[in-house]
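Undergrad: Each chain is listed here by its residues.
There are 2 protein chains.
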Amino acid sequence: MEGVDHLAFERNKTQFDVEEMKIVWAGSRHALEVSDKMARLVASDPVFRKDDRPVLGRKELFKNTMKKAVYAWKRIIELRLTEEEAAMLRTFVDQPAFTDLHWGMFIPAIKGQGTEEQQQKWLPLAQRMQIIGCYAQTELGHGSNVQGLETTATFDPKTDEFVIHSPTLTSSKWWPGGLGKVSTHAVVYARLITDGQDHGVHGFIVQLRSLDDHLPLPGITVGDIGMKFGNGAYNSMDNGVLRFDHVRIPRNQMLMRVSQVTREGKYAQSSVPRQLVYGTMVYVRQTIVRDASSALARAVCIATRYSAVRRQFGSKKGGLETQVLDYKTQQARLFPLLASAYAFRFVGEWLKWLYMDVMQRLQANDFSTLPEAHACTAGLKSLTTSITADGIEECRKLCGGHGYLCSSGLPELFAVYIPTCTYEGDNIVLQLQVARHLIKTISKLGSGKKPVGTTSYIGRVEQLMLYHSDVQKAEDWLQPNAVLGAFEARAAKKLVACAKNLSKFTNPEQGFQELAADLVETAVAHCQLIVVSKFIEKLQQDIPGKGVKHQLQLLCSIYALSLLHKHSGDFLSTGCITPKQGSLANDLLRSLYSQVRPNAIGLVDAFNYTDHYLGSVLGRYDGDVYPKLYEEAWKDPLNDSVVPDGFQEYIRPMLKQQLRNARL
Amino acid sequence: MEGVDHLAFERNKTQFDVEEMKIVWAGSRHALEVSDKMARLVASDPVFRKDDRPVLGRKELFKNTMKKAVYAWKRIIELRLTEEEAAMLRTFVDQPAFTDLHWGMFIPAIKGQGTEEQQQKWLPLAQRMQIIGCYAQTELGHGSNVQGLETTATFDPKTDEFVIHSPTLTSSKWWPGGLGKVSTHAVVYARLITDGQDHGVHGFIVQLRSLDDHLPLPGITVGDIGMKFGNGAYNSMDNGVLRFDHVRIPRNQMLMRVSQVTREGKYAQSSVPRQLVYGTMVYVRQTIVRDASSALARAVCIATRYSAVRRQFGSKKGGLETQVLDYKTQQARLFPLLASAYAFRFVGEWLKWLYMDVMQRLQANDFSTLPEAHACTAGLKSLTTSITADGIEECRKLCGGHGYLCSSGLPELFAVYIPTCTYEGDNIVLQLQVARHLIKTISKLGSGKKPVGTTSYIGRVEQLMLYHSDVQKAEDWLQPNAVLGAFEARAAKKLVACAKNLSKFTNPEQGFQELAADLVETAVAHCQLIVVSKFIEKLQQDIPGKGVKHQLQLLCSIYALSLLHKHSGDFLSTGCITPKQGSLANDLLRSLYSQVRPNAIGLVDAFNYTDHYLGSVLGRYDGDVYPKLYEEAWKDPLNDSVVPDGFQEYIRPMLKQQLRNARL
Ligand SMILES: Cc1cc2nc3c(=O)[nH]c(=O)nc-3n(C[C@H](O)[C@H](O)[C@H](O)COP(=O)(O)OP(=O)(O)OC[C@H]3O[C@@H](n4cnc5c(N)ncnc54)[C@H](O)[C@@H]3O)c2cc1C
Ligand SMILES: Cc1cc2nc3c(=O)[nH]c(=O)nc-3n(C[C@H](O)[C@H](O)[C@H](O)COP(=O)(O)OP(=O)(O)OC[C@H]3O[C@@H](n4cnc5c(N)ncnc54)[C@H](O)[C@@H]3O)c2cc1C
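Protein chains in written order, with my numbering: chain A, 16 to 679; chain B, 16 to 679.
There may be inaccurate statements among the hints.
Pairs count within a copy or across copies, as identical chains cannot be separated in the list.
Restricting the straight-line Cα-Cα distance to at most 20 Å, the calculated cross-link-like pairs of lysine to any residue (SDA-like) are [claimed, not checked]:
{"hint": "1", "residue 1": "LYS564", "residue 2": "ASN516"}
{"hint": "2", "residue 1": "LYS515", "residue 2": "ASP602"}
{"hint": "3", "residue 1": "LYS82", "residue 2": "GLN673"}
{"hint": "4", "residue 1": "LYS89", "residue 2": "ARG64"}
{"hint": "5", "residue 1": "LYS331", "residue 2": "HIS214"}
{"hint": "6", "residue 1": "LYS455", "residue 2": "PHE527"}
{"hint": "7", "residue 1": "LYS553", "residue 2": "GLU34"}
{"hint": "8", "residue 1": "LYS459", "residue 2": "GLN556"}
{"hint": "9", "residue 1": "LYS28", "residue 2": "GLN610"}
{"hint": "10", "residue 1": "LYS465", "residue 2": "SER159"}
{"hint": "11", "residue 1": "LYS78", "residue 2": "LYS671"}
{"hint": "12", "residue 1": "LYS82", "residue 2": "LEU674"}
{"hint": "13", "residue 1": "LYS650", "residue 2": "VAL444"}
{"hint": "14", "residue 1": "LYS595", "residue 2": "HIS582"}
Everything labelled a hint here was simulated from the structure, so no lab data went into it.
Please model the complete structure; the sequences and the hints are all you need to start from.
TA: Given below as structure tokens:
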């Protein structure tokens, strides 16, 4: 960050304390310090260079990924990094790798589903990286429907072993990250069969490759499933295919915390509640929500900085042209995404608290809040990842033509992000689960069961059915209660309408299928309410720093009112607001955009991203875009020679009208 | 298409004549025959193989593209293909190449802006491919604002030459396709300067490279601008950078049809009307609308076929699971896109007529419809490309995890398509132009100027302001007039509201800037009305074939009502419909989905795409998805060896806890 700061004139306009905002964004001063230290560590180390990623072939890219992952591990040990620091360091390396699944899925699966004994045996090996594990659930034929998996694990009482087998082509494991080329072990999900009886899907630890020569063990066929979206992107990951031909593993490699098979082949449940498994899901999904805010923030940071650099039209008498960030259409597309990044940050923070709350209750055998917490994390995972995926592409478009270059960083960011909408639960399937929970909640109201947590507003449904906003002038929409009331009433009224329509079906399941699209809309309305209300709750806290809270209030209003505008059909048709009130909200939005405008650069600086992590010429901190774009261009392999390879064979004969002689 | 047809059971359900629908889709029996012949020609020729594209490095890909382009040209000559056939053949080769710009921009620019003499000199060379041309307008610093280009062309009366020069870094030409490595010539846009006076931007034919050794001529710096979005995608194109250091060209290489520079250096306008230039724009944009329907149709075809193959959940007693195409959420996401593909087809067809109409009028010096035609094509280019870009990604998501594999064809389709939202006019900038035209149109009503063509409904604005839909039951929404009335009234009422708000500003331009986001929404509403009304007009024609017209009626209703649902805020807030009427439309939509469902496969078969062109394992005609997915996987370079390159250096030392010895 030496040299001239081309965005200094923007930074001088900032009306709040950016350093304090950095702390708010990071979550705490400590978190900021850790992330700052790790980001700089990675940025300053040439091994972690990533600007050449888009031109690497698959093999080179994969070799480079192994190097980075192993080198990162080496540094983690050398520097004796804490778990928190190590995780941060891996984040900033910013290249999907087998280690993501090893730490993020394999180890948690053993922790969550393994017995004490199993944990004692496997965790030290995994935590020292003497083995590398992945998470092999999805098959060619089954992803969303886990209960339909076909791989079998048949107990053989003669040898005290399970026989793992892939009976059909569609039972091939397909997608697990880290499986294709690297993992030595996997947690494999398979139908447990004892004595001819199918007990459904269970997890098993299976060794896949020799720890000496890395060759697949007998009976195992394993490989990579091929290229995925984007240049570098997720192609640094060896998502794999795996088939078993009667592979035998000892009985004690079934993960037996919740259910067991005895030496005699008897299947039994342990006293440990099944629900514990949901705890892991809540955990994983809250990290996804946090990552959504980070990814969206990256895209927004790039688009905002570039929009301040980019000038187009509006020059008066040969003067400077207008910064595209000053165009209201640009603001109306960009600032709601900026607000969403902050909104997702805070709802993510709250989910972290929710996870701890759930775990404490589970330990005390209190399962009462679990269904609500589960629905809530499922819905928020779906909502935040969908908006983030679309938002990254919108940010790319906001950068005009130059956004289409890999050097803008946005194509890679998009390509690597989008599968998040599919894995850990397809986003539509998840919203259908939320809808089921909401319908259940409202249908139980009669029996006196009080809705808890994020569904508690449903307890006030009768009152909310009567709701009509009392907003009279644009500024009234700045009141948190005006916003909250409208969002609660909209969600409640949509839910009641769905419940009513459902009640017309004699077969409720058939009704649910028929009305599924409406139900998903209702679930989304519910999730938006959660995000809005957690943002408002955050603002009730004491937030230090000059102007910091005020900026967040602006963003909170932008988040809520841009949603109200986008979904005005919902708010109007349910009678929550009048057309006049909708139009007042829209007027207010415009003025909020103007208020945020001078602070836009400050608000993205607060994410504290290094240029290395952003990986974008357009998003450079110093705004020195054009010379660097120009410089980057020449690095393309095509520019290695002035006359391209192929000219003599193809182009020249054509120009010379001698195509018959061309080697074609 | 040998072997078992796994979708035969679907095809048997079809209730209409697919062969007749193919003709409707293609536009005529002749068009179908040509496209069918060309598609098969390409598909059967191994040179045009494209399944290996995602794993090719940049240089290999580029060499392969030159080969294909030149080979295609050879075949075009050998087979004496007509212009129509040649264009079709290039379409089905399906790999962006320098030839796209040569035929699509360079030649049309000379035709449109060159004098008779210039055309006689340059066109034969270009049409025989003795020279290769590109279209060099955009610069590093200016894209949308063409008037802001910085390259200069200064007339030197001493030598009767223009001196082409790049005075700044930002004046470097940047983006032109075909420029980076292949083109020998370019139409270069530069500020014309005579005798110290700046006459604004004009076009010049400039030779860039030697026709012998292909080296750049003195004073010219040229190269490729680097990797773009996606693996193969647009990386087969050499989008280029170009700088001029006082490069001299003869005076007669300025394109002089509309304005000239004389031997003495006098600048003069010819008698040819400037407006002719807009004709070319209308032409290019109508082809973009047609291409939008084709691209969207490809994605929809893949997602529809795969959704019929894919089964997930809902198995009863071990029977088959539910096809995901039967889920209402899947239908609600997919069928509006299917309907949009057809809608865009028909509006594209109409635009072709519009273009011919405009050209005839221009020839007769009738410029009266030009502004309307220009606004209309700009708006439709924007609308159809935006929906198509988002629609392709939605189709990818509809395929779950497998859609993320390159072998699904969808990542490449997306990556190659999206720049269409940016080039030939940024989609937001275009809608702002439409909005300006609409505001102008309504403001001139008072002076008795009658709106023409697609804006003629604005002439009925007073009547439309009083409009309230009279729909009483769901089926009423099947009436074309019910739909048309609501869409006209919504567009008109939004326009009036904008005009009213604008009138509150003393400075109209400031008002336009402030209200830009609302104005864009109004322009979009106007464009949607055009598409809806052209679809309805199409259905007033005689359409032969069993059930064909009925299916199109279903799709037309789906197109209109899904928009009505999506934008219900507009329709409600303007009082065009009541919440009850909105809810009836929604009920009808569900039943329309059920009616289209058995015909879904037939409706995508009617696109008549070959498996080669689709380039998707998921979208295969025969539905034999799983074995082919499995087969494709093993072709990845990573599977060349069982143990990956890098294992010995990095992974093994880590597993063996000997990181200190690792080469890191
Ligand atoms: C990059 C990536 C990494 C992955 N990593 C792993 C990993 O490490 N380990 C692992 O085990 N798996 C992994 N997966 C697999 C992933 O978990 C699945 O792809 C995911 O669960 C979605 O399942 P699916 O692909 O079967 O989608 P499908 O269920 O086939 O979805 C197809 C369509 O059907 C719809 N649909 C499905 N069911 C219903 C329903 N009941 N109602 C309405 N609509 C429905 C969906 O909405 C979607 O539109 C990974 C996937 C990707 C893309
Ligand atoms: C793949 C590809 C191929 C191309 N091929 C060619 C070619 O062959 N020849 C050639 O000459 N060019 C080519 N181009 C360049 C292309 O024409 C430009 O990128 C395009 O015109 C957009 O201009 P821009 O990049 O300057 O966007 P910008 O104008 O910089 O847009 C940036 C942002 O500013 C906004 N904005 C700009 N002006 C306004 C305004 N007045 N009001 C509100 N918002 C505004 C836009 O909406 C956008 O969000 C190509 C581009 C691409 C991506």
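Undergrad: Going through the earlier hints one by one, which of them does the structure break, listed in rising order?
TA: 1, 8, 10 and 13
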